[in-house]
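In order, the protein sequence lines correspond to chains A and B. Per my numbering, the very first residue in the first sequence carries number 1; after that it's consecutive. Per my numbering, the very first residue in the second sequence carries number 1; after that it's consecutive.
These are calculated hints, taken from the structure and not from any lab test. Hints should not be assumed to be uniformly reliable.
[Stated by the list, open to error] Partial chain B-side listing against chain A, Cβ under 7 Å, derived:
#1 170
#2 171
#3 172
#4 173
#5 191
#6 193
#7 321
#8 325
#9 326
#10 329
#11 341
#12 344
[Claimed, not checked] What follows is a list of derived Cβ distance ranges for each label pair:
#13 B:230 - A:152: 42 to 48 Å
#14 A:144 - B:224: 50 to 56 Å
#15 A:80 - B:421: 15 to 21 Å
#16 B:231 - A:149: 43 to 49 Å
#17 A:76 - B:411: 43 to 49 Å
#18 B:65 - A:161: 57 to 63 Å
#19 A:80 - B:231: 48 to 54 Å
#20 B:231 - A:144: 52 to 58 Å
#21 B:147 - A:80: 39 to 45 Å
#22 B:464 - A:161: 43 to 49 Å
#23 A:80 - B:260: 25 to 31 Å
#24 A:289 - B:224: 40 to 46 Å
#25 A:160 - B:512: 58 to 64 Å
Note that the structure is a prediction, hence the values are computed from the model and not measured. C-beta: ideal position from N, C-alpha, C; glycine also.
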Amino acid sequence: MTTLTATPPKLDSEALTLKSTSLWQITWHRLFRRKSSIVGIIILGLLVLIALTAQWIAPYSPILSMLDAKPPQDIQRRSAPCIYLLGCPKDQPQHLMGTDGNLRDEFSRMLYGARLSLMIGLSTVVFAIIIGTILGALAGYFGGWIDNLIMRVMDVLLAFPSLLLAIAIVTVLGPGLINALLAIGIVSIPAYARVMRASVLSVREMDFVSATRSLGGNTYEILFKCILPNALTPLIVQGTLGIASAILDAAALSFLGLGAQPPTPEWGSMLGAERNQVFTAPHLVFYPGLAIMLTVLSFNLIGDGLRDALDPRLVHVSS
Amino acid sequence: MKRKLSILLSLVVLASMLLAACGGGATEAPAATEAPVVTEAPVATEAPVATEVPFVDHAVVTDTSYSADSCDYGGEFKSIEAVDALTVKITLCVPDPAFPSKIAFSSFAIQPSEYIEANGGNGALLEQPIGTGPYSVVAWERGSQIVFKAFPEYWGDKALVPNLVFKWGSESAQRLVEIQSGSVDGIDNVGTDDIAVVQADSNLQLKAREALNVMYFGFNTDPQVTGWDNTKNPFTDEKVRQAIAMGIDRKRIVDNFYPVGSTVADYFTPCAIPNGCVGDAWYTFDPAAAKALLAEAGYPDGFTTTIQYRDKDRSYISGQTNVATDLQAQLKENLNIDATLEVMESGAFLDAADSGQLTGMYILGWGADYPDQTNFLDYHFGAGASIQFGTKFDDLTAVLKQAASTSGDEARKPLYEQANNLVKQHVPMVPISHGASAVAYLANVTGAHTSPLGNEKFSVMDNGKDTFVWMQNGEPPSLYCADETDGEAFRACEQVTEALLSYATGGTAVEPALAESYEANADLTVWTFHLRPGVKFHDGSDFDARDVLVSLALQWDAHNALHTGNTGAFTYFSALFGAYLNAPPAQ
Chain A
1 MTTLTATPPK LDSEALTLKS TSLWQITWHR LFRRKSSIVG IIILGLLVLI ALTAQWIAPY
61 SPILSMLDAK PPQDIQRRSA PCIYLLGCPK DQPQHLMGTD GNLRDEFSRM LYGARLSLMI
121 GLSTVVFAII IGTILGALAG YFGGWIDNLI MRVMDVLLAF PSLLLAIAIV TVLGPGLINA
181 LLAIGIVSIP AYARVMRASV LSVREMDFVS ATRSLGGNTY EILFKCILPN ALTPLIVQGT
241 LGIASAILDA AALSFLGLGA QPPTPEWGSM LGAERNQVFT APHLVFYPGL AIMLTVLSFN
301 LIGDGLRDAL DPRLVHVSS
Chain B
1 MKRKLSILLS LVVLASMLLA ACGGGATEAP AATEAPVVTE APVATEAPVA TEVPFVDHAV
61 VTDTSYSADS CDYGGEFKSI EAVDALTVKI TLCVPDPAFP SKIAFSSFAI QPSEYIEANG
121 GNGALLEQPI GTGPYSVVAW ERGSQIVFKA FPEYWGDKAL VPNLVFKWGS ESAQRLVEIQ
181 SGSVDGIDNV GTDDIAVVQA DSNLQLKARE ALNVMYFGFN TDPQVTGWDN TKNPFTDEKV
241 RQAIAMGIDR KRIVDNFYPV GSTVADYFTP CAIPNGCVGD AWYTFDPAAA KALLAEAGYP
301 DGFTTTIQYR DKDRSYISGQ TNVATDLQAQ LKENLNIDAT LEVMESGAFL DAADSGQLTG
361 MYILGWGADY PDQTNFLDYH FGAGASIQFG TKFDDLTAVL KQAASTSGDE ARKPLYEQAN
421 NLVKQHVPMV PISHGASAVA YLANVTGAHT SPLGNEKFSV MDNGKDTFVW MQNGEPPSLY
481 CADETDGEAF RACEQVTEAL LSYATGGTAV EPALAESYEA NADLTVWTFH LRPGVKFHDG
541 SDFDARDVLV SLALQWDAHN ALHTGNTGAF TYFSALFGAY LNAPPAQ
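Produce the entire structure from the sequences given, and follow the hints as far as they go.
Below, the structure is given as structure tokens:
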């Protein structure tokens, strides 16, 4: 009897993994057929590379000011980019993106900023996905008052403009990078909870779930071994797009002085600190702004590509 | 039928709720009166007797005078008398050579007594001051602008441009764009990096403002925050404060973050103020000695703290985040002190500073209101000063009190030498810079000037149009300047209201204003002001001695029914004249 109940779900999940491998192959294939997603992947790949190797490729410290170095060369605060190949004298210190208001190398700060931005995007989305998935799964699977309670709370969260809610949370917790991450994470939970709940609702009554249930699978097995793998695709799409908006929100919070605190090299706070120098030192506003844009763009392109690639209605048409 | 029933039901529910609300009070009342009679009454009457002194009114008030029953209350004023309609006599408890400079300050502007009494220190008084100045307030559109119009019956030189508008923008880049596009005629505090841009622009003229100010890093030795454990506050230790004073390279800050013309502050008060820089100059930068001193104080590995500031441009600082970041870096490099930056909203920051609620180091500054040492040292470290630095230093307050009542710069010199040395010894703050700043006007503005006191006078400027637009850093908190401390408010008030005396346009010399002339007795304790006849207020009423009496007495007497305003603090009065009459007992 025990062997009977134990084997079928195992078989079932084996079948699932087999099926999903082929789905991933198809997805990968389809993702690479779209030019826009290739662009996104290339940008993201570069960013990841920069983030991983920042400490080796950054020519200067991103935090230490060079003010007290008393350099032989006369470097100024907020000086324009100095690149030998573009006509800057060779004996000048080479600052590819110039220096900022506290005489730090903007290029080094930008490199470290990539690390921070990716970290922000991934960690908030992972946090939101974990919490959101659990909440959504519980709501969808059990229904009734649990569903009502969880989803009404999510509705309330969704009713606030997300950035405003994040600002409110940070104001309560106090400004700082960790608190900002927490705030953005909390704000993005409802999206994942909804997606998860919808998937659970559609999968819950399927035959293989009923089969597992009738064979005595417990709630945990049913929820996380049967239902979750089948609900994963929309979560991945939502998550990829969510990283983009999390990075944007974090940059906005930092710009307002509520996120990363100086001297942390965060793109949003770099932009905010030098916002008054738009005309006198435009490079200090241009580069962080460009970097934020490219990062967000890459995640959006990949997210869009993934959505199309994972859409089951399109799978049959083109493969 | 059903609908009728439900309406009836809801009416019944509503009625019962109403009954409950009204009836509840009626039934509760006896219970409330009963309880004290039985048990609480004796306790309740005992407690006040033990702790509270019954209130004794120290003010002696007649129709034409307001006086203190004695000088024991600790302040400088003895009495204010309206001798006749055009003569006011102010008697002081101690001689005060700086009295004309002080009384000329815009906090002590005169408004019609009837208007003040009608508004009770609140309401319209905060938004619609009625003065005697060249401009009157037309409308204050909160969050957007203040509109003034020229006062046709002004006693002096009438305003050259019929309309004046005050706008504000906290970003220096925004102000620069506004003036470059010609939509405003003048802007305050050109950003440090923008000065060259303005100089190169033939459509603009740059006016440098004399550095009659100080920027400092403050400490609070006794934060008034609930739950704050002051035994763990490193700043209570004088050696820690001295170590920081030695461990900050002030020259590096001034060289890098201040425009040309700024100087490193070796004293709290700028040298242009008589006796400003006498005594020993500030500690020289010596990180090794600083570190040793910090170790001696018990912090060999440094400690963690916060740097609190507001991200607003002022005449004494521009780009606060850069300065704060550099301070943070220096504290780490030189003293191994880990500081986190905390940007606060400007108004909340000032309130917190005034009420002693800042807990870490903080960046603040001071611009002169009138050119006298009392405006710098007494306002910050005197007996009547706020508790922004925590516990006061008794030796310092005593010297300052003595110096303030001594006349003659030469006689005061040894006292201020002593005071400056005490400031250096106690280090309530680290003075960093006397910062130059600049104001920009369109090139066609005639009469363009800056004032070292920050009170530019727009009635003497002419742009050839019917409206002059001025853009400053921030919106005034209110326009009742008796109860304000923000320079953004004072500049607006100064266009509208006037005091007995005033400062020369673009300068610091004291000139007659609402008082045509004044004289003092030999020991500088009795000051008689002869008021200008025929002066009209903006509401058409006549200016007389009673207006002076009411305007000043309400600030002086904390028990006066009119002693309320935006915050009710009337900070300047107590800071400049020592104490309020009938001041509430210290807690």
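Structure-based check of all given hints:
1. The beta carbon of residue 170 (chain B) is not positioned within 7 Å of any beta carbon in chain A (closest approach about 10 Å), and the interface hint is therefore violated.
2. The restraint placing residue 171 (chain B) at the interface with chain A holds, with a minimum CB-CB distance near 6 Å, inside the 7 Å limit.
3. Given hint, residue 172 (chain B) at the interface with chain A, holds; its Cβ is 5 Å from that chain's nearest Cβ, closer than 7 Å.
4. Because the closest C-beta pair between residue 173 (chain B) and chain A is about 4 Å apart, less than 7 Å, the hint holds.
5. Evaluation of the residue 191 (chain B) hint against chain A yields a held restraint, the C-beta minimum of about 6 Å falling below 7 Å.
6. Given hint, residue 193 (chain B) at the interface with chain A, holds; its Cβ is 4 Å from that chain's nearest Cβ, closer than 7 Å.
7. Against a cut-off of 7 Å between C-beta atoms, the interface hint on residue 321 (chain B) holds, since the closest Cβ of chain A lies about 5 Å away.
8. The interface hint given for residue 325 (chain B) is met, as the beta carbon of that residue sits about 5 Å from the closest beta carbon of chain A, less than 7 Å.
9. For the restraint placing residue 326 (chain B) at the interface with chain A, the shortest Cβ-Cβ distance is roughly 6 Å, inside the 7 Å limit, so the hint holds.
10. Interface hint at residue 329 (chain B): satisfied, since its Cβ lies 5 Å from the closest Cβ of chain A, which is below the 7 Å cut-off.
11. With a cut of 7 Å, the hint placing residue 341 (chain B) at the interface with chain A holds, because the nearest CB-to-CB distance is about 5 Å.
12. Taking 7 Å as the C-beta contact cut-off toward chain A, the hint placing residue 344 (chain B) at the interface is violated, the least distance being around 10 Å.
13. Remark: the range hint 42 to 48 Å for residue 230 (chain B) to residue 152 (chain A) is upheld by a beta-carbon distance near 46 Å.
14. Taken as a hint, the range 50 to 56 Å holds for the pair residue 144 (chain A) and residue 224 (chain B), whose Cβ atoms sit roughly 52 Å apart.
15. Hint check: residue 80 (chain A) to residue 421 (chain B), Cβ distance near 46 Å, so the stated range 15 to 21 Å is violated.
16. The hinted window of 43 to 49 Å between residue 231 (chain B) and residue 149 (chain A) holds, with their beta carbons roughly 46 Å apart.
17. Taking 43 to 49 Å as the suggested C-beta distance range, the pair residue 76 (chain A) and residue 411 (chain B) conforms, at roughly 48 Å.
18. A beta carbon spacing of about 60 Å between residue 65 (chain B) and residue 161 (chain A) agrees with the range 57 to 63 Å that was offered as a hint.
19. Under the hint 48 to 54 Å, the C-beta atoms of residue 80 (chain A) and residue 231 (chain B), about 51 Å apart, fit the expected range.
20. A hinted range of 52 to 58 Å holds for the C-beta pair residue 231 (chain B) and residue 144 (chain A), which are about 55 Å apart.
21. Checking the proposed 39 to 45 Å range against residue 147 (chain B) and residue 80 (chain A) shows it holds: the Cβ atoms sit about 42 Å from each other.
22. Between residue 464 (chain B) and residue 161 (chain A) the Cβ separation comes to about 46 Å, which falls inside the hinted range of 43 to 49 Å.
23. At roughly 21 Å, the beta carbons of residue 80 (chain A) and residue 260 (chain B) sit outside the given window of 25 to 31 Å.
24. The given range of 40 to 46 Å is respected by residue 289 (chain A) and residue 224 (chain B), whose C-beta atoms sit roughly 42 Å from each other.
25. Separated by about 59 Å at the C-beta atoms, residue 160 (chain A) and residue 512 (chain B) satisfy the suggested range of 58 to 64 Å.
Comparing the model with each numbered hint stated earlier shows that hints 1, 12, 15 and 23 do not hold.
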